[in-house]
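Chemist: Once you've looked at the hints, dock chains L, Z and A against the given chain S.
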Amino acid sequence: MLFSLDFEWLADPLYQDWLLEGLGTTLAITGVGTILMLIIGVVGAAIIHFNIPVAKPLTIIMIDLFRNTPPLVQLLFLYFMLSDLGMSYTDATTGERIPLLSGFACVVISLALYNGSIAIEVIRSGINSVPRQTVEGGISLGYSRAQIFRWIELPIALRLTIPNMTSNVVSLIKTSAQAALVAVTDVMFYATQITLETFLNLEVMIVLWLIYLVITTLVVLLAKQLAKALTIPGFGAGAMK
Amino acid sequence: MSKETTSATFGFFGVVAALLAVLLTLYGQGTGEALRVLFDRSSLLLTGSSNFSGFGGGFSANVIISVLSMAIALVCGFFLGGAMVSPNAMVRSVAVVFMNLLRSSPWLVVLYAMLYLLPFNVSIFGHHIFVSPFLKAVIGLSFPVTAYIAEAFRNGIHAVPDGQWESARALGYRRGQILRLIILPQAFPLMLPNLMTTYAMLFIGTSLVVVTGTSDVLSIGKTVIASDGDDYAAAVYLYILLLFFLFAYPLATWTRALERSLSKGK
Amino acid sequence: MIMSSLIKLSLAAAISGIAVGATARADQLDDIKARGKLIVGIKNDYVPFGFLTKDDQLKGFEIDLAKFVAGALVGSEGDIELVPVVASNRIELLNAGRIDLILATLGKNAERAKVLDFTEEYYNMAGVVLMAPKETTISKWEDVRGLKLCGMQGNLYNRALTGTYGAQTVLFTGTADMFKAFQDGRCAGLAFDGPILQQKLSDPEWGKKYKIALDTFNYIPIAGGVRKNEPRFLEAVNKAILAAEAAGILVEAEKAYNMGETEYVAKRAADAKAAGY
Amino acid sequence: MNTPPCKPFIEVANIYKSYGSIAVLKGISMTIQAGDVACIIGPSGSGKSTLLRCLNGLVSVDRGTIRVDDFSVELLQSEKELVPLRHKVSMVFQQYNLFPHKTVLQNIMMAPIQVLGHNKQDVHERAVKLLAKVQLSGKENAYPGELSGGQQQRVAIARALAMQPEIILFDEVTAALDPEMVQEVLNVIRDLASEGMTCVLVTHEMRFAQQVADQVFFTDGGVMVEHGAPDRFFNNPSDPRLKSFLAKVL
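Chains as they are written, first to last, in UniProt numbering: chain S, 1 to 241; chain L, 1 to 266; chain Z, 1 to 277; chain A, 1 to 250.
Don't read these hints as lab results, they were simulated from the structure. Heads up, a few of these hints could be off.
[Claimed, not checked] Mimicking DSS-like on lysine-lysine, the simulated pairs with C-alpha atoms at most 25 Å apart in a straight line are: (1) K33/Z with K54/Z; (2) K102/A with K129/A; (3) K88/A with K133/A; (4) K211/Z with K140/Z; (5) K102/A with K88/A; (6) K120/A with K88/A; (7) K108/Z with K273/Z; (8) K3/L with K56/S; (9) K108/Z with K209/Z; (10) K56/S with K80/A; (11) K224/S with K80/A; (12) K120/A with K102/A; (13) K228/S with K133/A; (14) K134/Z with K209/Z; (15) K228/S with K102/A.
Nothing here was measured: the structure is a model prediction, and the numbers come from that model.
Pulled out of the complex, with its shape left as it was, chain S reads as follows (with noise of 0.2 Å):
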C-alpha cells in the first residue's frame, strides 16, 4: 500500500474543537490584519504622495526594511523586543511587568506593517495609473491636492488595485501561519499539536493545506465579486492599456 491514511482523528471531538478554535484565531488575525493593512496602505501612499516632510522619508524606510526582511523575524523582533524597548505595562494586583502587546497583537501588527508596506507601493502604483487629465479636470474645477485625492485619485486606484490587493491579502493570510511560532493558537499552532500527540503528520497537514486553501479561496472568490461590484464601465485594467 502506497498510502494508507488515517483521518480518524478528525472524529475526535477535542481535535474538532482545537482545529475550529485555531479556525477561529487565524480568521481573526487575518481580518483584523487586512484592515491594518489597508489603513497602512492608504495613510501611507497618501504620506509619500503629498510630500509630507519628516513622514516621508520615515515611510520609505518603513517600506524598504519591512519589504526586504523576513516577516518571520519581524515578527519574533516584535514579539521579543517591543517589550525591552519600554512598550509594557504594570498589573495593577500583581505589581509586574508585563508586556503591552499581546502575542496576538504582535502577530497582527507584524502582518499589517508587512503587507501594509507592500499596500502602500500597490495603491501607489494605482494612484499613478490614474490618467493625468482626470487629475487635471479636477483641479480645473477648483479642486485641491487633497480633495482630489481622497474623490478622484484614491477611489480609482483602490478599484484598479483590487486584483494586486487581493494577491496582497491572499499573502497576509499565508504569512500568518508564523503566528503558531510565537505561541499564538492559530489553527497551524493547534495542527502541530495535533501531529505531536497523534503521529499523523501528513494527514493532519493534508488537512491544514485544505483549510487555508478554502480560505484564500473565498476571499478570492469575494475580490472578485468586489471587482465585479465596482467595476467602472468602459474603464479598468483592460481601458487602461
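Modeler: Showing chains L, Z and A alone in chain S's frame:
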C-alpha cells in the same frame, strides 16, 4: 547622482541607521558588549561553522537554499507555465488549477508537509540517496515558487502582442517554433523583473526553513540565544534582519532599475 | 503535449520516490558499521543535556553519552554525527531514517512506545516544575487555574496542565523563545522540565528574580529511542548505555554540568558495575 | 479693431513660459471683452494650449501679468487662492477628463457641492437642466465609459457650466472626436456663445471660428502673430505665416 540612485542610497542608509538606532536604544551603554557577542558569533551565524571553515549552515545556507530552490522552480515553473498556455484546454485547465493550488498554500505548511512527505532515504538502483532536511527545505520552497514562476511565464507570453503570433503564423511557423523563436525572446525580458521579485521573495522566505531542522541563520540565531542568554536576543534578531536586508535590498533596487529601463524602452 | 507527458513523468517519479523511501533495509547495526558512523539526534539548546559552548562546541550530559555509545558501536568516539533535534520533530526524524538514535531527553511513555522502541533508561527527569517570580502567590498546582504558563510544544505534561489544572499554556518551539517570553512577563509561570529550570536558576540573574514555586507532580524516566524491529541494534545500544553507566560516565557528567548528583544515576551506575558491564 | 470703451474682461500682458530649456510662450499679450467669443488658432506646438491653461492657473507663468476680471492670476500661488478663480473660469478639455468612476449626474454635481459647498438639492436641479441643455436627458446614471466621445464632451461642458462660471475655456474640444460628433458639440458651444457666455477656444475648426468668433488670435512659435475680427482675419490676412497656415488648413 540620478534621482533613483539617490533614493536607493537613502533607503539603504536609512534602514541601516534605523536598525542601529534600535540597537542603541535597547542596549545603551551595553551596545559595545552586544556588538562583541555578535562579532564572536558572526562566523557561526554566517556560515554555520566556527572560523568560516564550511558554508553548510547559517546565512550561507539561506543563500544556497534560495539559489537551489530557484533553479528547481525555474525548470518546473517554465513547464507549468508552458502547460498553462497550451492550446489543449484540458492541459491548460489542469495546469491552472495546479498553479493556483501551489500558489495559495502557506509556505510554512508546504515545508512541514515536505518534512513528513519526503523520505529521508531514497534508494534508486541500489544507491542510497540521503534526503537531508536541507534538501527537503529546498524542495519544499521550490513548490510555491514554481507557481509564481509559471504565472510570470504566462503573463510574459501574454504581454507579447497577438500580432506577433499572427504574423509568425502567416510566415508558416509552427506553434512550438513561434513560442521558442519569436515569443520567448520577446517575453523573457518582460518576465525578468517579475522573476527577480520572485527570487527576492523566495530568499526572504528561506527564514521559514527553521521549522525543518535545517541549520539556517535563524535556527543558529536561536541556538546562540539559548547559549549566550536572552540579553542578546535583540541584537541577534537585529543582526539577522540586517543580513537579509543587505542581501535583498540591492536586488530590489536592481529590479526597479530594470523595470524602469523596460518601461522606457516601450 | 510534450509538456503534459513530462508532468506525468515527473509525477510518476515523485510517487515512486515516496515508494522506495519506505523500503526496509537488512540490518541497521550492519548499516551503521558499514557507514562508519552513528547518527544521533541530540538537543543543542538544552543546558545541561546538550548545548553549544562559547567556542561553538556541542557539550552536555547526553552528548557525553552519545559519544560513548558511538565509541562502543563503531569504534571511536569521533565516529558520530550529532543532529540537533527538538521535541516536536525528533520521533519523525528517527522513523524517517534521518537519525539512528534519539538521545534527547525523551521521556518514556506508552504512546511513544507504539511508534518506537525505548532503550535502557539513563536518567530520571523531574517532570514539569513551575518556575515563577519570587513574590508569586502560587503555592500548589491547583493555583495555576486560569493563569498563563509558558512552556514548550511537544511535552506530554502540557495536556495535564490545561486539562487537570486548568492553566492556559503558551507553547513555543524552542527554549530560547520560551525563556525570553517568560522573562518578558508574558506568563505567570514557566512550566518545564525540572533539571533545566534548576540549572537556569544557577544563573545569578535568574536566581535573583525567580524560584521553583512548585515541585513536579511526575517523574519521567528518560531513555533513548530507536526504530522498531531492529533488535540487534537495540541490544547493542542497551549494552553501550549500561557500559557507560558502569564506567561512571554519567556520574561524572552530572558533576561536570552542575545537575546535582542524583541517587538515581549513582544507583544505576552501581547496578551496572555489579552486573559486570 | 478699435479699442473698446470699457475695461476688458481678460488682459494678458507680455507673458513668458519655459519648460526647462524649451521656451513655449515668448511675450504674448491679448485682451478679451466680456461676452466675447475668442478663438486661438495656430500650428501644433505654437503654445496656444499653454496660453489657455495660463488663464485659469493650471500653468503658472514665468514672467508677465494675467488679469481675469479682478484676479491677478500670476500672483495666485496656493490652491486656496486659485479656487475662487476656478469658480469663475471653467475649462473643457480635448480628452473630456470626466471622472470615470462617477455617473454623468455625479460628474456634474460633485464639484459644485464639494468645492463650492452649494446645496445638494439646488445643484441637482441645475444639473438636470444642464443635461437637458446639452441634450443628454436620460443619461443621468450612465458612466462616462458608456457614452460616445461627443456625448462625453457634452457632459464635460455641462460639468463646466454647473460651476456657474463667467467664462469657459475650450481646449481643442473637438480634436479627439469622430467627425460626425463634432457638430453636436459645436452646436452646444454656439448656443452658449449666443447666450452671451465669454468663451475662449483653442481650435482647429476654422469654419466655426469664422462663424462664431468675435476675435481670432493666431500664435506661432510662442508669439502672437496676428489678431483681429474673423472677417478681416480670414479673408485678408496680412502676415505671411498666417497666410501659409490658412492655406494649409482651409
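Chemist: Next, verify each hint and record whether it holds.
Modeler: Tested hints:
no.	hint	result
1	K33/Z with K54/Z	33 Å, violated
2	K102/A with K129/A	19 Å, holds
3	K88/A with K133/A	20 Å, holds
4	K211/Z with K140/Z	14 Å, holds
5	K102/A with K88/A	24 Å, holds
6	K120/A with K88/A	20 Å, holds
7	K108/Z with K273/Z	24 Å, holds
8	K3/L with K56/S	16 Å, holds
9	K108/Z with K209/Z	33 Å, violated
10	K56/S with K80/A	23 Å, holds
11	K224/S with K80/A	40 Å, violated
12	K120/A with K102/A	16 Å, holds
13	K228/S with K133/A	33 Å, violated
14	K134/Z with K209/Z	6 Å, holds
15	K228/S with K102/A	16 Å, holds
Hint check: violations occur at hints 1, 9, 11 and 13; the rest are consistent with the structure.
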